[in-house]
Amino acid sequence: KNQVEQSPQSLIILEGKNCTLQCNYTVSPFSNLRWYKQDTGRGPVSLTIMTFSENTKSNGRYTATLDADTKQSSLHITASQLSDSASYICVVSAGGNKLTFGGGTRVLVKP
Amino acid sequence: DAGVIQSPRHEVTEMGQEVTLRCKPISGHNSLFWYRQTMMRGLELLIYFNNNVPIDDSGMPEDRFSAKMPNASFSTLKIQPSEPRDSAVYFCASSLGLAGDVETQYFGPGTRLLVL
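Chains as they are written, first to last, in the numbering used here: chain P, 12 to 122; chain E, -18 to 97.
Bear in mind the hints are in silico, worked out from the structure with no lab data behind them.
Remember, it's a predicted structure, so these values are computed and weren't measured experimentally.
Even for Gly, the Cβ is constructed at its ideal location relative to N, Cα and C.
This list has only true hints and no planted wrong ones.
Not everything, but these chain P residues come out facing chain E in the computed CB check (under 7 Å): (1) Gly54; (2) Pro55; (3) Ser57; (4) Leu110; (5) Phe112; (6) Gly114.
Could you put together the complete structure from these sequences and hints?
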């Protein structure tokens, strides 16, 4: 069964600090992996999309990594800001029509 | 472009009533997706259309749910009859590719549905 597990479920960090979110998946075959940011009360917004051949992709202060061998991905937030407070969702595609969603990690950045 | 437009933004209805959610995708996008999000189940893909044709409706929970896309610029998700367990935020998204393609999906603001 295709599954995407995210950890931690939630975390609190101080403004200016770094943090790393984890995504482990068992989706097969693998096509691509996406990270979304979802602010409270709004729709998700795409941060990165990575294919099998990509192991790092950045979007500003967000850096995603992918290890297709161990089926793990991480999202690193550098120098966190209050606006980074949101839920972060990992989505893995098996190609075609199949998407498997993680449960998300809720991040709270405190001043 | 104004992005994906959804209406209404909020809907409160009583159990047994019909609910219709509406979506206008980004112009030029050929795929449209309907999602449901709850605290318990997270984000779930209900159905998606490509070139106005339903491609995968395996996520539609039961026959009370139906979706249509009569043209490239409009889609509806209907729940009839509604039940309290249908309470959730319903998102519409659109993209240039299929669900699993390496194409960004753009989400609308969502419709927050409460069934009493």
